[in-house]
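Start from chain A and add chain B according to the hints.
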Amino acid sequence: MSASDSSSSLPVTLDSINPKVIKCEYAVRGEIVNIAQKLQEDLKTNKDSYPFDEIIYCNIGNPQSLGQQPITFFREVLALCSHTALLDESATHGLFSSDSIERAWKILDQIPGKATGAYSHSQGIKGLRDAIAAGIEARDGFPADPNDIFMTDGASPGVHMMMQLLITSEKDGILCPIPQYPLYSASIALHGGTLVPYYLDEASGWGLEISELKKQLEDARSKGITVRALAVINPGNPTGQVLAEENQRDIVNFCKQEGLVLLADEVYQENVYVPDKKFHSFKKVARSMGYGEKDLALVSFQSVSKGYYGECGKRGGYMEVTGFTSDVREQIYKMASVNLCSNISGQILASLIMSPPKPGDDSYESYIAEKDGILSSLARRAKTLEEALNKLEGVTCNRAEGAMYLFPCLHLPQKAIAAAEAEKTAPDNFYCKRLLKATGIVVVPGSGFRQVPGTWHFRCTILPQEDKIPAIVDRLTAFHESFMEEFRD
Amino acid sequence: MSLKALDYESLNENVKNCQYAVRGELYLRASELQKEGKKIIFTNVGNPHALGQKPLTFPRQVVALCQAPFLLDDPNIGMIFPADAIARAKHYLSLTSGGLGAYSDSRGIPGVRKEVAEFIERRDGYPSDPELIFLTDGASKGVMQILNCVIRGQKDGILVPVPQYPLYSATISLLGGTLVPYYLEESENWGLDVNNLRQSVAQARSQGITVRAMVIINPGNPTGQCLSESNLREILRFCCDERLVLLGDEVYQQNIYQDERPFISSKKVLMDMGAPFSKEVQLISFHTVSKGYWGECGQRGGYFEMTNIPPRTVEEIYKVASIALSPNVSAQIFMGLMVSPPKPGDISYDQFIRESKGILESLRRRARMMTDGFNSCKNVVCNFTEGAMYSFPQIKLPSKAIQAAKQAGKVPDVFYCLKLLEATGISTVPGSGFGQKEGVFHLRTTILPAEEEMPEIMDSFKKFNDEFMSQYGDNFVYSRM
Numbered sequence: 001m002s003a004s005d006s007s008s009s010l011p012v013t014l015d016s017i018n019p020k021v022i023k024c025e026y027a028v029r030g031e032i033v034n035i036a037q038k039l040q041e042d043l044k045t046n047k048d049s050y051p052f053d054e055i056i057y058c059n060i061g062n063p064q065s066l067g068q069q070p071i072t073f074f075r076e077v078l079a080l081c082s083h084t085a086l087l088d089e090s091a092t093h094g095l096f097s098s099d100s101i102e103r104a105w106k107i108l109d110q111i112p113g114k115a116t117g118a119y120s121h122s123q124g125i126k127g128l129r130d131a132i133a134a135g136i137e138a139r140d141g142f143p144a145d146p147n148d149i150f151m152t153d154g155a156s157p158g159v160h161m162m163m164q165l166l167i168t169s170e171k172d173g174i175l176c177p178i179p180q181y182p183l184y185s186a187s188i189a190l191h192g193g194t195l196v197p198y199y200l201d202e203a204s205g206w207g208l209e210i211s212e213l214k215k216q217l218e219d220a221r222s223k224g225i226t227v228r229a230l231a232v233i234n235p236g237n238p239t240g241q242v243l244a245e246e247n248q249r250d251i252v253n254f255c256k257q258e259g260l261v262l263l264a265d266e267v268y269q270e271n272v273y274v275p276d277k278k279f280h281s282f283k284k285v286a287r288s289m290g291y292g293e294k295d296l297a298l299v300s301f302q303s304v305s306k307g308y309y310g311e312c313g314k315r316g317g318y319m320e321v322t323g324f325t326s327d328v329r330e331q332i333y334k335m336a337s338v339n340l341c342s343n344i345s346g347q348i349l350a351s352l353i354m355s356p357p358k359p360g361d362d363s364y365e366s367y368i369a370e371k372d373g374i375l376s377s378l379a380r381r382a383k384t385l386e387e388a389l390n391k392l393e394g395v396t397c398n399r400a401e402g403a404m405y406l407f408p409c410l411h412l413p414q415k416a417i418a419a420a421e422a423e424k425t426a427p428d429n430f431y432c433k434r435l436l437k438a439t440g441i442v443v444v445p446g447s448g449f450r451q452v453p454g455t456w457h458f459r460c461t462i463l464p465q466e467d468k469i470p471a472i473v474d475r476l477t478a479f480h481e482s483f484m485e486e487f488r489d
Numbered sequence: 490m491s492l493k494a495l496d497y498e499s500l501n502e503n504v505k506n507c508q509y510a511v512r513g514e515l516y517l518r519a520s521e522l523q524k525e526g527k528k529i530i531f532t533n534v535g536n537p538h539a540l541g542q543k544p545l546t547f548p549r550q551v552v553a554l555c556q557a558p559f560l561l562d563d564p565n566i567g568m569i570f571p572a573d574a575i576a577r578a579k580h581y582l583s584l585t586s587g588g589l590g591a592y593s594d595s596r597g598i599p600g601v602r603k604e605v606a607e608f609i610e611r612r613d614g615y616p617s618d619p620e621l622i623f624l625t626d627g628a629s630k631g632v633m634q635i636l637n638c639v640i641r642g643q644k645d646g647i648l649v650p651v652p653q654y655p656l657y658s659a660t661i662s663l664l665g666g667t668l669v670p671y672y673l674e675e676s677e678n679w680g681l682d683v684n685n686l687r688q689s690v691a692q693a694r695s696q697g698i699t700v701r702a703m704v705i706i707n708p709g710n711p712t713g714q715c716l717s718e719s720n721l722r723e724i725l726r727f728c729c730d731e732r733l734v735l736l737g738d739e740v741y742q743q744n745i746y747q748d749e750r751p752f753i754s755s756k757k758v759l760m761d762m763g764a765p766f767s768k769e770v771q772l773i774s775f776h777t778v779s780k781g782y783w784g785e786c787g788q789r790g791g792y793f794e795m796t797n798i799p800p801r802t803v804e805e806i807y808k809v810a811s812i813a814l815s816p817n818v819s820a821q822i823f824m825g826l827m828v829s830p831p832k833p834g835d836i837s838y839d840q841f842i843r844e845s846k847g848i849l850e851s852l853r854r855r856a857r858m859m860t861d862g863f864n865s866c867k868n869v870v871c872n873f874t875e876g877a878m879y880s881f882p883q884i885k886l887p888s889k890a891i892q893a894a895k896q897a898g899k900v901p902d903v904f905y906c907l908k909l910l911e912a913t914g915i916s917t918v919p920g921s922g923f924g925q926k927e928g929v930f931h932l933r934t935t936i937l938p939a940e941e942e943m944p945e946i947m948d949s950f951k952k953f954n955d956e957f958m959s960q961y962g963d964n965f966v967y968s969r970m
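Sequences listed follow chains A and B, in order. Following our numbering, the numbering of the first sequence begins with 1 at its first residue and continues without gaps. Following our numbering, the numbering of the second sequence begins with 490 at its first residue and continues without gaps.
Honestly, the hints are just simulated from the structure, not real lab data. Just so you know, these numbers come straight off a predicted model, no measurement behind them. Please note that the accuracy of each hint is not assured.
Once the Cα atoms are required to be at most 27 angstroms apart in a straight line, the calculated BS3-like pairs of lysine-lysine come out as [as the list claims (entries may be wrong)]:
{"#": "1", "chain 1": "B", "residue 1": "Lys-524", "chain 2": "A", "residue 2": "Lys-114"}
{"#": "2", "chain 1": "B", "residue 1": "Lys-808", "chain 2": "A", "residue 2": "Lys-424"}
{"#": "3", "chain 1": "B", "residue 1": "Lys-644", "chain 2": "A", "residue 2": "Lys-23"}
{"#": "4", "chain 1": "A", "residue 1": "Lys-415", "chain 2": "A", "residue 2": "Lys-391"}
The following block holds chain A by itself, in its conformation from the complex:
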């Protein structure tokens, strides 16, 4: 550690860096994960000191790090676009499906000079945006304009751009669901704005009540906050609920009436596990209500990281921006242009997920088998883990209708809460640390996502491979029993 006194006059010490940086937090990769990483290192040499053989990371929606395989067709196309000389080799036809070769050619023809190593248009390659727009139209039944698409390195940079645009000072507020994916709270903090919370109702399956939105909006305004936008995550993270269409219509009307931008985080649109719910994009809902460009400002986010493709490391995504004037669009373009463009490989993948193989295509059968395999497995894992959690003493867990997470509620005994306080840590954090040290399972305490004060949760992904789930359930159950033994009132 460098001498703290002499370095305090240096520009980049903790005391003197941007306080907004200090203030922002991101629990998904926070304290618990740091502890887990240290344990993992130690396990290499000290296996016997631990009651488990391995760390199982259930903290982050990172499917391929836990064994999920990429979709073959997508990777074939990406490989061919990575090294275009492959397309000239006759041996290639033996190694790649014919439609992946065809698609690679089609994509390369849309790239000036077939140069996949060149910066593209700052919104992303036009031909790829055309494919995405067509995909949106096929999904929704309403047209999409490629000029409304801004491709980004994952969906997160798009969220940052919108926060940058909307927030000038702490007087600017953004309505965010509680619990929320902490990208929103962190981004708002980084840009110096104010998070205006609206509470999802755990008792009704994490329902979103318009009356709650209204209440929070008015409360914020009475404090002098100008509320700019409403962020909705659908399907929800960490909560997993899929909004009912009627609910979505109410939300659209609310935004329209109050002049709010609707920020629709729809990255889990392909992750719906229950037969009684369906994903409807907010764009589709708004358009089916007869609302057009003049009625509602809507930004819809999509990503290659989730769904059945789970391509987190590729950093591909886009936002579809509708309902605002061209001078505002120019500002968004300008912001995008400072970073020149998003990575080309990610752009290609984003276009592929929005225009996958169709019936009759060479790869269709294997593609569908892979896709269905992954989605049905996710649904099974969601159910299995949810049931297991609900069996635990003092634990209730809403079903995961979608997304990739379970967010059980811990009704912790008073003794446990006191023990946590003695360790100067939040009770759910206390529980999660104990869980980690006893089982090697890494989850994220509910406080990282915010929750109704006095309630405790943790978020666990449904992503470990299916054959690992029974062992995880066993270990979790055993830990919980001994925890309750220790702390039962």
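This is chain B only, laid out in the frame that chain A set:
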């Protein structure tokens, strides 16, 4: 009801104020003309592959294999890919925790960061700590992350060279800080005079600005100059005295076109200076896969290395990086390959060297061709492009032209560049996009158009310039003296 959230009037002022000319007015006009069918030569951005430079074969082979690992199981794979590419793909895949499709550590794959550290150590002769190296989605993202930490508000100033690459001015603007310019001396080959620095700092302080950091771009963009060792020592000493963190943008370190001033990293000079400097001066160095002879702009791969940054600050920077989850994994592999390229004896070595040399030697020739070409034009004076990828000629605009520009509602160099674009299809960036002394005008072009096309491009420019100078000339010819 009052303004809606996304009405233009209610947007964040910082966004409205920021400018990024590289993809600004000229580029948008050029794109319009291209749509109308005009042939455009885009020399507005350092984007080598867009102008015909071919990607190096070996890295593309490795990354293709990483994209589709099922290929590695195919018995015939050895017929299409050389053994060393196959081995390298397996190596990088083993360093990931789930291949290209999994988020890596937010700082980048540890194994790749180790390779970067080894590269830095070989280059400079001093050890480098992988824990202090963060991979980013392009160097620009790294610059933005660091400036975000340094700028607390409007009273925080960042010393930036003029002319500069407008990422700096745009980012400072977006973050609500203050840009403190220090002027490079055109008549001294864009040299850096420490007295200019002192003056700039004093002036800023007198206005209540706390100067916190200094940016150097070495080799320079748009100016191309390579800083001498003594210059770097002066700068480091200055940063030490003034308690500034030095941000060393070294993305063009492999683009050197003269032999008098090879590239020396700021880190090496700092370490050479020994204590107290080597332990005191806070330095952040940036590099990328977008430039050099790789030119892999579209991959978005970069890194920054931190020197003498306190551990708790490093933690905060890590925290901010973690919100973006991880840099894209393909680009991390490109970075690994860039810092540990094929070695003598490797199957792909000869081809790799041939391709690399070919590109670098051609760039050197084109740097010369362009400089000489501009200098042969009336009222144009151009410093030699010692490094980087750009030519930044000074256009001595006659007063009639300046008047005409005013009447057209355009900044004079924008006016000139628009006319150049309309007449020849050459899309450049006006000097005002980079900053210049009052009343002095430039344009920036890249040296990237294909060598075979250079003579025609320079002829085309000369013809246009002759006509422009005739049309607006006051009949007094400025010669290059």
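Exercise for the section: Determine which of the earlier numbered hints do not hold for this structure and return their numbers in increasing order. Expected result: none
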